[in-house]
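Asks: If you read the sequences in order, they're chains A and B.
Letter 338 of the first sequence, counting from 1, is numbered 338 in this note's numbering, and no numbers are missing.
One rule links them: number in this note's numbering = place in the second sequence (from 1) + 382.
Please keep in mind that the hints were generated in silico from the structure rather than gathered at the bench.
We treat Cβ as the ideally placed atom computed from N, Cα and C, and that holds for glycine.
One or more of the hints may lead you astray.
With the Cβ distance kept under 8 Å, some of the chain A side facing chain B (calculated, not the full set) [as the list claims (entries may be wrong)]:
1. 46
2. 280
3. 295
4. 345
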Amino acid sequence: MNFKLSEEQAMLKESIARFVQDRYDFTARCAAATSEIGFSRENWATFAELGWLSIPFEEEHGGFGGSAVDTMVVMEELGSGLVVEPFVATVLLFGGLLGKGGSAEQKAANISAIIAGELQGAFAFLERQSRYELADIKTVAAGNGSGFTINGEKTVVFNGAAADKLIVSARTSGAQCEQQGISLFLLDASAAGIEKTAYRLMDGQLVANITFNDVAVSADQLVGELDDGYRLITDVINEVIVAISAEAVGIMQKLNDTTVEYTKTREQFAVPIGSFQALQHRMVDMFMGCEQTRSLLYRAVCSMDDQSADAREIEKNILALKVMVGRIGKLIGGESIQLHGAMGVTDELDVGHYFKRLMMINTSFGDADYQQQKFSALTNSG
Amino acid sequence: MDTNFSAEDLAFRDEVVAFLETAWTDEHEAHLRDPQAGMQAIIDWQKRLHARGWLAPGWPVEYGGTDWTTTQSFIFETERATAGAPDVPPFALKMVAPVIYTYGSDEQKQRFLPRILSSEDWWCQGYSEPGAGSDLASLKTKAELDGDEYVVNGAKIWTTYAQYADWIFCLVRTDSSGRKQAGITFLLIDMKSPGITVNPIETIDGVYSLNEVLFDNVRVPVENRIGEQDQGWTYAKALLAHERTAIAGVADSRRHLGEIRELARQEVSGGRALLEDPAFQARLSSVEIELMALEYTELRVLAAMAEGSGPGVESSLLKIKGTEVQQSVQQLRIDVAGYYCGVIAGESGDIGHSFGSEARRAYMYGRASTIYGGSNEVQKNITAKFVLGL
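Same shape as in the complex, but just chain A:
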């Protein structure tokens, strides 16, 4: 039993921290976020050069073959730097689906391009009505003899504006909310019949609503098994939930450090405000919240990397983690603003921006209340 990073992991962490330190201050970050594609291609090329984009992929596809702990290390540092580049959308979601469910041809044609930084991807799974139910899908892929014709609309597609390729979930059979009957398809974002409307979310990321009007795909564009896409989706999204939770822990730590530092320098009534016990106890609550969340993060990644771990235990660990990320994220974000006083509500200070990312992380793939209900159902069932 140990909670230490390997030498390799420590170097990886150090390399990302150095990038943020040297090249990703808040001004640079805002410039990247407000650019036309929502991130910096130059930064993305650097990520590729430094090997970060290869981490979760298997070695036979040119990847690093990283563990859950490796991804955690990357995401925590990206969180700390409030990095807006679409690592989650392209590498973990799009790349994760291909890595876990793609055919040999699909992997060969795409994974090395992702690793090289040449391919941007997105996973279009959400619809207007679905809220957090991944199986609530109305988009239809109707069989037409040789292939399928896709019709429907997807919303809030992460990296949807810049993606060169998409994976879309569509119903090939079954009723609207059934888990059976969902299939995934890989297609060019520029395919005929695809329309994109891009917009920004509060955390700065550029997303898109994407409509599919009689978009034709062939059978070899299917990712994974026909009608059996739900399992693949949840497998990948569970991993992504842990990854964005690591990002959240990086943000929480950063907000806590920033806030403690601020209260040591800000003076009122002729003393640093950090000397007031009322504020100290609030900061201790923030500290404890961050440490408790970190403990659940370690619990989740250790169980994911443990070959002998029970699948139900892993799922329970992930649900618990996401609940706490949501709750503590709000606590720490809100308290950071409170302790910064009026400065905390200005757009100029990065504190509010970190908080907005925490809020989007809470919402992504199911918020704390939603995940807690799933947690209850799972723990009380047996």
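Starting from the known structure of chain A, fit chain B onto it as the hints suggest.
Replies: Chain B only, in chain A's frame:
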């Protein structure tokens, strides 16, 4: 980073489970519910642990400890709690013994440690005073040297199990001229000494465990002093972090939560199991999630200790969160009991839930957990100062 058990760890766990199956019996369990018979059950339990060589895992091997790894200690604690066996009372084994083997003389070690292991000597802790609670260093009980004896005068309070104790370890003031932390001396005092009076304190759980201990010209031989005169604070402080870590009671909360889930599954509310009530379910899950986090926080602290760093300041976090979880768990059990949490055992006949009375006792005495060992607010002060640097 991993939390996998090695093959040796797994073999050790089997050994522990096998031991517990025979050593902790249903009879012990039944006695525990009765405050009087409970003490006998605990002494018997200690003797069984001692016979197996497992009574004092934290002690150095030369004094009768085990050479368990941190992981093995964790495994033992987890299995012990799962089996429903209680933690041993900490005063002798986890509080005074480490002070004796770390700072005591060879004579003191030979005199006291074997009798602790054999359960011949029962100890209580004389730290708190009417005027010194979380601000422990402001204690006033005075010891004056007279020849080769100290003469002790003053009062200690909230002394758990003083009524059973053969010895009390005390912090006393030997010098009040300097800082309040200076001038404190660590004394071991025979409870049979003339001049000691033990007065019981009634508590809201209805169980007699706390006392006031008065010292009226009690004479204590100098040979019963630990280390140097006026250095007692240093000796005591080194052990406080261990105390806080032990107070967290993580493994026990896990077992209690499991029991509550089963009780709530059986309890019917409006035609369905209470466990299916959305409000109850949400609270139960919130507590469980906090506990899952705490289990790993504890592992992280243990892993750091195995690396050679002490439990340190993170022990405050464990103490705060551990006691908060304990209280949440006690609250849930009270809520499951419904009306019957108000029933006083022995006065109701055979009415209502048998666990109601026990649930109330635990809940009421549990109020103390966020107060003792340094109140949680003081733990926050410590964390703000030493972790956050405020």
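Asks: Now tell me, hint by hint, if it's right for this structure.
Replies: Hints, one by one, checked against the model:
Look at residue 46 of chain A: its Cβ only gets to about 27 Å from chain B, farther than 8 Å, so that hint breaks. Contact between residue 280 of chain A and chain B, as hinted, is supported at the beta carbon level, the nearest pair being about 4 Å apart and thus within 8 Å. A distance limit of 8 Å between C-beta atoms decides the matter here; for residue 295 of chain A the minimum to chain B is near 4 Å, and the interface restraint holds. With 8 Å as the threshold, the beta carbon of residue 345 of chain A stays out of range of chain B, its nearest partner Cβ sitting at about 23 Å, so the hint is violated.
Violation of the numbered hints given earlier is confined to hints 1, 4; the remaining hints are satisfied by the structure.
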